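Residue strings, one per chain:
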Amino acid sequence: MLAAQEHHCDVANEVICAPANVKDWFEFTDPWFTIGPINFTRTSFLMLLAAAITVGLLYFGLRRNRPVPTKFEAAIESLVGFVRDGIARDVIGPEGTKYVPYLLSIFMLILVGNLFEVTPLINFPITSRMALPAFLSLLTYFIFVIIGFSKNGIHYLTDIAWPKAVPVGLRWLVGLIEVVSTFALRPLTLAIRLFANLVAGHLMLTLLLGSGVAFVLAVGEIGPRAGIGVVWFAVGMVFFLFEVFVAVLQAYIFTLLSAVYIQASVHPEH
Amino acid sequence: MEGNIEVLKGAIALIGYGLGAVGPGIGIGIVVGNAITAMARQPEMAGTVRTTMFLGVALTEALALIGFVLFFIA
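Order-wise, the sequence lines are chains W and Y. This note's numbering numbers the first residue of the first sequence as 1 and each following residue consecutively. This note's numbering numbers the first residue of the second sequence as 1001 and each following residue consecutively.
It is worth saying that the hints were derived from the structure and are not from the lab. For clarity, every value in this text was computed on a predicted model and none was experimentally measured. Some clues are possibly wrong.
Quick list of the computed label-pair ranges, beta carbon to beta carbon [said to hold, decoys possible]:
1) W:82 to Y:1014: 37 to 43 Å
2) Y:1014 to W:154: 42 to 48 Å
3) Y:1014 to W:33: 37 to 43 Å
Each residue gets a CB set at the ideal place from its N, CA and C atoms; glycine is no exception.
Starting from the given sequences, assemble the full structure and let the hints guide the process.
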C-alpha cells in the first residue's frame, strides 16, 4: 500500500491508480541480507514467520491435555477437530486418521499465510507467490501418487489408463483424459487455484486502498475531487471483509481437495 | 499509442479472460443452485451437500483462475 505513494500516480486523470507494472506492487526483491547464495527478502521472512506461527499455535494449544481447556486451547482443539472429523475422516473414511497430521499442517500453514493478507502492517499473503502453493501442491501430488502405487501396485496406473467400467471402444479416450487430468491437471489446478485467488484479492485490495490513500493525500492539488479517495477506501474495506472469507475458504478448499485426491488413491474404485 | 503492440496485447488478453470467465460463471451458478435445491429438499443432508458444493465450485472455478493467470502472462 505504501508503494502507491512512492509510485507515480496521476490523480488528476486516473480514477483508480493503476500501477505501470504489476510487479511494482508485488516484488520485494531487495534482500535484507544474504547468506551464501540465498537472498533473504521480506517474503522469505514472512514465510518463516508463518511457519513459526503455525508451529507455535499448535504447540502451545495442544501442549497440555487439560480437562477444562482455556479459550485459546479450545479454539485450537476445535480447529484440529474440524480438520480431523470434517475433512480427513469425512472424505477419506476411517483410515483418514493416518493423514490428519499432513492435512492439519498444510491447513494451518495456508490459513496463516492467507490471513497475512488482511493482517495490518503485513498485508502480504505469502501464498500469492507461486513458490509456496506450487511446493504444497507437489507435496500432495507425490503423496497421492505414492499412496496409489503402494496400495494398489501397478493396478493404480492401469485402472486409470484403461478403465474397466467404460465400453471397450471408448476406453483409450477416457483413459487418456483420466491420465492427463490425474497426473497433470490436478497438481496444476491445485496450485493455481490458491495462487490466483490470493493474487486477485491482494491486487484488488492494493488498488482500492492504495488509490484511496493516494487521492486523499493529494487533496491539496485536486481539491474536492479527493472525496473519491474516501469512496475507494470504503469499497476497499468491504472487499477487506470479503478477503477474510476468501482466505479461510481457500485454505479449506486446498485441504479438502488434497484429502479427496488421497481418497481417490486409497479407494480407486470410487 | 498507434501501432503499440503492447497495448493491443493487453486488450486481447483482457477479452480472453472475459471469455474464459463465462463458462465457469454459468457452471458455478448451476452447482450452487442445485446444492441449494438439494439442501431445501433434504435439510438433514446439508453438511454433506455443502462439502460437495465447495468441491464442485473449486473445480469449476479453476478454469476462470487459469484465465486470470494467463491474462498476466500474456
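Status of the hints after comparison with the structure:
Between residue 82 (chain W) and residue 1014 (chain Y), the C-beta spacing of about 39 Å keeps the proposed range 37 to 43 Å intact. Distance hint for residue 1014 (chain Y) and residue 154 (chain W): a CB-CB separation of about 47 Å, consistent with the stated range 42 to 48 Å. Separated by about 40 Å at the C-beta atoms, residue 1014 (chain Y) and residue 33 (chain W) satisfy the suggested range of 37 to 43 Å.
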